[in-house]
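Asker: Model the placement of chain B on the given structure of chain A, informed by the hints.
Those protein sequence lines, which keep their order, are chains A and B. Numbers in this note's numbering are just positions in the first sequence, counted from 1, shifted up by 5. Numbers in this note's numbering are just positions in the second sequence, counted from 1, shifted up by 56.
Read the hints as simulated data drawn from the structure, not as lab findings. Warning: the hint list may mix true and false statements.
To give an idea of the chain A side of the interface with chain B (calculated C-beta under 8 Å), a few residues [claimed, not checked]:
| no. | residue |
| --- | --- |
| 1 | R62 |
| 2 | A65 |
| 3 | E98 |
| 4 | A105 |
| 5 | L107 |
| 6 | L108 |
| 7 | E110 |
| 8 | L112 |
| 9 | W154 |
So, partial list: chain B residues that the calculated Cβ filter (under 10 Å) puts toward chain A [said to hold, decoys possible]:
| no. | residue |
| --- | --- |
| 10 | I70 |
| 11 | L71 |
| 12 | P73 |
| 13 | Q74 |
| 14 | K76 |
| 15 | V99 |
| 16 | A118 |
| 17 | I122 |
A virtual CB, placed ideally from N, CA and C, is assigned to each residue, including glycine.
Now for the letters of each chain:
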Amino acid sequence: MRWGVLQFPGSCDERDALHACERTGAEARLVWHEERDLEGIDAVVVPGGFSYGDYLRAGAIARFSPAMEAVSEFAAAGGPVLGICNGFQVLCEAGLLPGALLLNESLRFTCRQLDLLEESSGQLSTPGYAQVTTRTLSIPGKHGEGRYWAPPEVLDALEANGRVAYRYAPGQNPNGSARDIAGVRNEAGNVLGLMPHPEHAVDPLTGSTDGLKVFQAVAGAQA
Amino acid sequence: MAKARVLIRPKEGILDPQGKAVERALPALGFEGIGQVHVGRMVELEAEDPARLDELCEKLLANPLIEDYEIERL
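The following block holds chain B by itself, in its conformation from the complex:
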C-alpha cells in the first residue's frame, strides 16, 4: 500500500470566504502582516494502485471546476 496525502484548495480567483474570515480575525489576536489566507482540506489515504489517484481526485476528492489538488506521495 502506498501512502499519499491529497491537498485540496479553492481555485485562484474564486472568492474564499473562509480564508477571508480567518485573515480578518488575525489582527485581533495580535498577528499582523498576514495576508492571502486560503482554507482547503487535506485527505490522507493508502492506495493499492497509486496510478489511479489522479482519477480519484478528479472524480471525488476535488471538484476540478472550483478546486485545485495536489497529490503528495509519502
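Isolated chain A, as found in the complex:
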C-alpha cells in the first residue's frame, strides 16, 4: 500500500501526513502540485496548510493544479482520497465533496484537542439526524476557516445517506459548523474530508493515536 501526499506551495502539514501514513505500516511519498502522475499510488492525502496562500478563498486556487486534476480522475475511478483541513477546503472547492468551509463564527483561529464522533456510513444509518456513533476519536483541530456550510436540503441528504463521517462532540463545535459536522464523505464513500487533523494524532507522545484510525478507514474505502 502506498499513499501519495500532495504538496502545494503553502502546504504545512504534508510531512506529518507522510509520517502518519508510514505509521499505519504503508509507504508514502510526496506529490508536488505540478505533478499529474499518480502511478503506483493507492490512496491520496490532500494535506492541511494554506495552499497558494489561501488567496481568493481557501482551496480555490489549489483546485486547478495539475495534481488536483489527477486526484479528481483518481477519485472518479474509486481511489481513496483523504482531505484534511485545507485539503477538505480544496476537495469542496473542486466539487469532490459537497458544501463549503467558511470563516469561523468567532473570527478566531482555533487550536485545540477535540472529541470527534465517528458515524456509521450508509447502510447502518436511519434517515434524519440519527446516524449511529461508532466511536469517539480524540484529534486536534486548528483552523480559521472551518465552519462547514451547505444548504439545509444538502445537509438533510448527507445525514439521510450516512455521509456525515464525523461530528464534533456536543459542546465542542469550534467554528459554528452546521449540525456540528466535522467531516463528510462523497456518495461513493471513497472521498473523505474533515477539518480536524488526524495526522497530528499518531503518536502517544502527543496524547492520542486516534488519527491512525482515520487513515486506516480511508485506506479501506475503495469505492
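Answerer: For chain B alone, coordinates are given in the frame of chain A:
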C-alpha cells in the same frame, strides 16, 4: 482589453461574521445607526473576451454556493 470590476459578497442568509464584527465595532467609534454590514471582495481585471467573465466568476472568483457576484464593466 475591456476593464471590469467584480464584486463578490456572501449570499444572503449565510452568517457573515466579518460583517457582524464591523457592525459591532461601529458604535464604539461613535457611528450609531448603521446596520446590515456585509464584507465582500472586489476584483479588478482587464479581459480580452469579456463574454467569458461569467464563467470565470462561476469557476474561480466566486464560489456560487456561498457567494453572489456582480460584474461591472468599466
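Asker: Restraint: K76/B near chain A, CB-CB cut 10 Å. Satisfied or not?
Answerer: Because about 9 Å separates K76/B from the closest Cβ in chain A, which is inside the 10 Å limit, the hint holds.
Asker: How about A118/B: closest beta carbon in chain A under 10 Å, or not?
Answerer: Because about 9 Å separates A118/B from the closest Cβ in chain A, which is inside the 10 Å limit, the hint holds.
Asker: Quick check on the hint: E98/A CB to chain B CB, less than 8 Å?
Answerer: holds (7 Å)
Asker: Restraint: L108/A near chain B, CB-CB cut 8 Å. Satisfied or not?
Answerer: holds (6 Å)
Asker: Regarding the hint that A65/A lies at the interface with chain B, is the smallest CB-CB distance below 8 Å?
Answerer: holds (6 Å)
Asker: A closest beta-carbon separation below 10 Å is what the hint needs, so does Q74/B meet it against chain A?
Answerer: holds (7 Å)
Asker: Hint E110/A vs chain B: min CB-CB distance below 8 Å?
Answerer: holds (5 Å)
Asker: Let me know if the C-beta of P73/B comes in closer than 10 Å to any C-beta of chain A, holds or violated.
Answerer: holds (5 Å)
Asker: For the hint on W154/A, does the least C-beta distance to chain B fall short of 8 Å?
Answerer: Result: holds, 6 Å to nearest chain B Cβ.
Asker: Identify whether the interface hint at A105/A stands, where standing means a beta carbon of chain B within less than 8 Å of its own.
Answerer: holds (5 Å)
Asker: How about I122/B: closest beta carbon in chain A under 10 Å, or not?
Answerer: holds (5 Å)
Asker: Identify whether the interface hint at L112/A stands, where standing means a beta carbon of chain B within less than 8 Å of its own.
Answerer: holds (5 Å)
Of the hints listed earlier, there is not a single one the structure fails to meet.
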